[in-house]
Amino acid sequence: MEPILKGRGLVKRYGRVTALDHCDFDLMPGEILAVIGDNGAGKSSLIKAVSGAVVPDEGTVTLEGKDVRFTSPIEAREAGIETVYQTLAMSPALSIADNMFMGREIRKPGWRGKYLRQLDRAAMEKMARDKLSELGLMTIQNINQAVETLSGGQRQGVAVARAAAFGSKVIILDEPTAALGVKESRKVLELIQDVKSRGIPIILISHNMPHVFEVADRIHVHRLGKRLCVIDPKDYTMSDAVAFMTGAKEAPRAA
Amino acid sequence: MPQSDNYETVVGSANSEIASFETHEKGFIGKFHHALHTTPALVPLIVLLAAIVVFGLALGSRFFSPFALTLILQQVQIVGIVAAAQSLVILTAGIDLSVGAIAVISSVVMGQFTFRYGLPPSVAVVCGLAFGTAIGALNGWLIARMKLPPFIVTLGMWQIVLAANFLYSQNETIRSQEIAEQAPLLQLMGAKFNIGGAVFTFGVVFMVLLVLILAYVLKHTAWGRHVYAVGDDPEAAELSGVNVKMTLISVYALAGLICAFAGWALIGRIGSVSPTSGQLLNIESITAVVIGGISLFGGRGSILGTFFGALIVGVFTLGLRLAGADAQWTFLLIGVLIIAAVAVDQWIRKVAA
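Note that the protein sequences, when read in sequence, are chains A and B. Positions 1 to 255 (UniProt numbering) are the ones given, in order, by the first sequence. Positions 1 to 353 (UniProt numbering) are the ones given, in order, by the second sequence.
It should be emphasised that the hints constitute simulated quantities derived from the structure, not laboratory data. Small disclaimer: the values here were computed from a predicted structure and weren't measured. For each residue, glycine too, the CB sits at the ideal point set by N, CA and C.
Here are the simulated BS3-like pairs of lysine-lysine, each with C-alpha atoms no more than 30 Å apart in a straight line: (1) A:LYS169 to A:LYS6; (2) A:LYS226 to A:LYS66; (3) A:LYS108 to B:LYS245; (4) A:LYS131 to B:LYS350; (5) A:LYS234 to A:LYS169; (6) A:LYS131 to A:LYS169; (7) A:LYS114 to A:LYS131; (8) A:LYS66 to B:LYS245; (9) A:LYS108 to B:LYS219; (10) A:LYS196 to A:LYS183; (11) B:LYS219 to A:LYS131; (12) B:LYS245 to A:LYS169; (13) B:LYS31 to B:LYS350; (14) B:LYS245 to A:LYS114; (15) A:LYS126 to B:LYS350; (16) A:LYS114 to B:LYS219; (17) A:LYS126 to A:LYS183; (18) B:LYS31 to A:LYS126.
Example chain B residues on the side facing chain A (calculated, C-beta under 10 Å, incomplete): (19) HIS37; (20) THR38; (21) THR221; (22) ARG300.
Given only the sequences and the hints, what does the whole structure look like? Please build it.
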């Protein structure tokens, strides 16, 4: 089977620091791929390289068999790759609806949208509310409240809902459960399964081993800027995975 | 597996009802705080109305007449237009120190193109507007592409444009009569009309329309939302799909265009084309923006606030002059207002509204 998203020989240097060192990467259609690795292993750089947030110095990225070269997250988004960043990438002073539709606002039909370029707030608010309800984030009382008035978990929920609502080919989640309570993380994991059942593959970066082992089909272990190995969570234990990523244990040859 | 590993399964049986809280009474100050948080233009509006009432009571019909009140509008029109441009820039967490210089050089371009090169006044006006836009776009390009701080770029541009303005105009003024005889179009923004004792100029009408249009654009178009997002957190805006660089460049270019219109209005206001006019416009516009409650850190505030801020300055200036006070009292009070406005801004920013 051909990977839907493929990286080959990716290199990214920040000055004298090498974040990615000829790294390979494969995401198969319809799977949940977890990416794990120690702090500073280059997980975030890898994700940024395939999602357009940074342009790799060397190497190629292939989406559905076609070479792509994203120079901005906007381009990756247009190609159908949606990312939830660790920083969540939301504007605190703007409303939930504004944030969900940032950069892809819906305009009113007819002349008001065409000539006055007026936004269709009602449609955006309705869709935002529907998506949040799907996620079970019903504790948000007002869709027009500023994001800065939400709790950390609620913000994360909004960011995940945004990606789930718009991602068409690949969804990338960078630490989606890090700031969440037990109940909210369960919701996010359910959502991940839900998105998968719609046939959209997911890249999940997480430090939470139970979550990784629960949802992932394959686990990409990242170490020192490159892919150390890819393991099947059914064949290894959590301690094995941690041992590989910290270098305490030799990685398996075949992957 | 030990039982503790399945701690999450219990969530399934958890109460799924929506959390509801008793809306606890926040009291008057709490409600007021909340209102300010959602409607930032409220503070300057209250100050403006209070100032009008106080001066109206103290000075009676000398102040509280259609003529005097519209005189305020005429006096603030240039600052008001420039402050609208400044608001856009400050909403992106930038600052534009070159606004006054752009306005003046645009007016000089309009005048000199007409009188030195004999171009039709309409063409000269268009050239002036294009020139202002180009300088603004250059500011934006240096800030967005070269990643230079707005303060530095526009500080430099202020000096460059001002010097270019004196060099090009050879420091000569085009007199009012000449303009009135040969190119009345240049003074169009000064044309007056009367509605029941209230005197309006086209410049005043332009200022009001500009503020209303910008208020609409900022609130109801994608571009307007992007301006706020860029000012709030440029990195987040970029990641969530806003073209930050183009937004910044367009904001500075639009600010340049608006300043060029202010230059045109300046000819109408003073009658002549003078390269030495408008020296204080940058400081006065920033004053209006700050009193209007727009945060200098970007992303917060509304253009209506700026409009009210400009009017507050106008009301104080005229009111105190009519009351016979020393002009220094005006500056002193405006200084107090600036600091008070920023203090209020900090208070509003407390999220626990």
